[in-house]
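S.K.: So you can see what is in the structure, the chains are spelled out below.
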Amino acid sequence: MMRFVPLVALACALAAPLFIRSDSTFAIVTFGLLLASLAVSFNLIFGFTGQLSFFHAASFGVAAYITAILVSDYRWNFWLAIGPALATVAMLALVVGAICFRFKLREFYFAVVTMAFSEMIRLVVVNWNSVTNGTLGMTVTAQPTLWSPSGPVALSGARVWYYVALAVLVVTYVVCQRVLASWIGRCFAAIRLNEQLGETLGVNVFLYKLLSFVIGSVLAGLVGCFYGFYTGFIEPQYLSITQSLDIISMVLLGGVSSLFGPVIGGLVLTALPHVIDLTAELRIILYGAILIFVILVMPRGIFGLFERPHHAV
Amino acid sequence: MIQLIIGQLLNGAIVGSLYGIVALGITLTFGITGIVNFALGAFMMLGAYFTWYGYELIGLPYPIAVIVAVLLVATLGLVADLGLFRFTRNNLVNGLLVSIGLISIIEASVLLTWTSTPKDLSYVLPGSLRVGGILLPKIKLAVFAVLLLVIASTYLALTRTWIGRAAFAYAQNPEAAALMGVKTNRLQTIVTVYSTALAGLGGALYASLYSLEPTIGAYYVLKAVESAILAGIGNTIGALVGGIIIGISEGIGSVFLPTAFRDAYGMLFLVLILLFKPSGLLGSK
Amino acid sequence: MLFEARGLTKRFGGLTAVSDVSFGIDEGEIIGIFGPNGSGKTTTLSLIAGMLAPTAGDLVWQGQGIVGRRPFEIAEMGIVKTFQNPQLFPELTVLDHMRIASHLGFKRALGARRLFTLVWPWAAADIESGADAKMKDMLHLCRLTEARNEKAAALSYGAEKMLGVAMAMMCDPKLLLLDEPASGLGQEEIVNLEAVLRDLRAHGVTLCIIDHKVGFLGRLADRSIALAHGAMIAQGATRDVLASDAVVEAYLGRKHA
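Protein chains in written order, with this note's numbering: chain Z, 4 to 316; chain X, 39 to 323; chain L, 26 to 282.
By construction, these hints were calculated from the structure, which means they are not laboratory data.
Wrong hints could be hidden among the right ones.
To be verified - Partner residues are not named here, just some residues of chain Z that face chain L (Cβ under 7 angstroms, in silico):
#1 R181
#2 S185
#3 C190
#4 A193
#5 N197
#6 V206
Just so we're clear, the structure is a prediction, and the values are computed from it rather than from any experiment.
Quick reminder that beta carbons are idealized off the backbone N, C-alpha and C, glycines included.
Start from the sequences and build out the full structure, keeping to the hints where you can.
M.R.: Take a look at the structure:
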């Protein structure tokens, strides 16, 4: 039965604009969908391969900056700019991942080293004023256009962005789903179970950890490409440890052991501060409390309450 | 120039010993409970704010304000241990995430209560000593001395007292220590609370030197983790040495290298250590 | 000769765990390596499986040197090792575990064409059903058919260890290295294990078993190697090895003294 949940959810999501009237509701859901995509891609690395990465915000932020800079300053076409952005993210992930996995850094050490790399990249962004405008961030005014039979359509307006965000989520979800359903997912599971055991069962642990890290990071980059253009604003905060933590909270809240859990986590955590009116400080307190509560009380998350874990295969 | 460098050396050593005292807590907690407690940074920040509140707003004498702040922080540490960390022992990832959740809560609570406006203590101990043409502020010397004293006595306590030896034995071999009658749970609680108290003291002393902001905790705990890793996790005296090395290299580094990337050098150094000598600079392997 | 170790030596710092050990394994035999704790059995097995790099000596597999190969490459060549304590997901079923272990079969069958199955999963349908059949066979062989839908948490220790063996068998090993398969098992489970291992041999797998239970290996192994303090003190037909003076002194003598 649970197999059909994502499909039913997609059908509901496609039909939702028929019922949603207010632009602010659209905005919340759009943010939720984009952040849910980030959470889904993060869970490929964390929940399915067992690696606690703090690099996710960096991948997300770097891609956001590169697309925005290429489009705003160099007048590139948005869709073309996605290419170099994702290629850069892939290269960064490849280098960072290769270093960490070659030296067999695990758990805490992997977390610390990815955090260190992420901070270094953030410092470059903060201090490279001439290109990134430093701590002030950059406004993104350009609007990507989509080809249509009746001429190009600008990606603007709550409704259009809602569907764009949904498309990003679907792409992320389907890529992860395809990867996990294939032999690669089995290798990831073997690594999460026990690296040594995986290796003796013929799994190239280094290669598959790297693969997981790169795929997850590139997908985070994909979300970043769109995110900047949706908000119209990019700041170094996108690459911060706090951003990585928000993603981790979403994944834990939704449930680490499934692909769909993080979607719920992302939507719920994004909507929560809007449903109950909260100041920024209270929102952070709430996030912290949720993180702790989920770990101590419901380690399988919201979706885990309904579903038997099937994530290994 | 010489004057500048000596000044930076002293500043580096003091900041470094502040890193060191938090790093000592990190190392002790990790050795006994298997948790890397990032929340120690938040406790340090709380220690600083409590001291500021006691000294500046209530008007307690500084030493009393420090003691009260440390006791308050230790109590909070006890609550956190019994309410949270007890359930994540020996689960590194969960412990890490819970401690990070705790940081967010404490940091945001302080923001709510005292806003992000920097707070300063009025002069606790004015005046300077002149040593060979160089002015050394008395307060910095006093803080440095207290930090050294506390870290040294912690080391002595670990090696000379029963509870210290039990902790040491436990870190080496938990099962054997349990067989020898070490009460694991109580030991873990004591060490966790002591580590929080150390962090609180670091914060209380910090308050006499620099401005208080809610973000200092996160900043200092990252440096402390760097120091602990630099020394090799589990090495008590190493935690201080590691902290001072980082403090001094930052101080000296900022004279010769662009300051904007000061934190990045530390990160890079940390990564290199972890890759090539994961047991730390002072480690045996 | 299927496999040969020549002058195998492993030092950890000042400690010599395995010292100048040489032996061969023929196809289809069951070879036992025994010795007291700390005699270098497990280290020897880890060296063969590539999990440790030998300090000196050579490992030859089907005429080819394998020193320096990574463990997964060695597994791919047909040498698979089981662990003394099986590592399992408590919440997943026996079949789930078998599926995780089926990866090597896909790799052998499809090679780079696996990438195509990412976009066109149906291309792997017949291999998937082949893997399913193999899973069934292996579970049957390891007496786990009835437990196939049980969660790992519900298995007995003996069944957990069997699952470890069954997962290793999914990799189609030519040589299966078993790390103390009988340790921690009851008498009945050991009898069952012996039957399974004989069946595996009948299935065409060569077995190399380490254990410190002399009785178990004595009944099962065709040939044996005895280790003490990392050095080989006897090798030959199991009965002769067990009766040799060196073994009685180094192993049984100490145990009963």
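S.K.: Evaluate each hint against the coordinates.
M.R.: Going through the hints against the structure:
1. R181: Holds, because the Cβ-Cβ distance from R181 of chain Z to chain L comes to roughly 5 angstroms (cut-off 7 angstroms).
2. S185: holds (5 angstroms)
3. C190: holds (5 angstroms)
4. A193: holds (5 angstroms)
5. N197: Interface hint status for N197 of chain Z: holds (4 angstroms vs cutoff 7 angstroms).
6. V206: holds (6 angstroms)
In terms of the numbered hints stated before, the structure departs from none.
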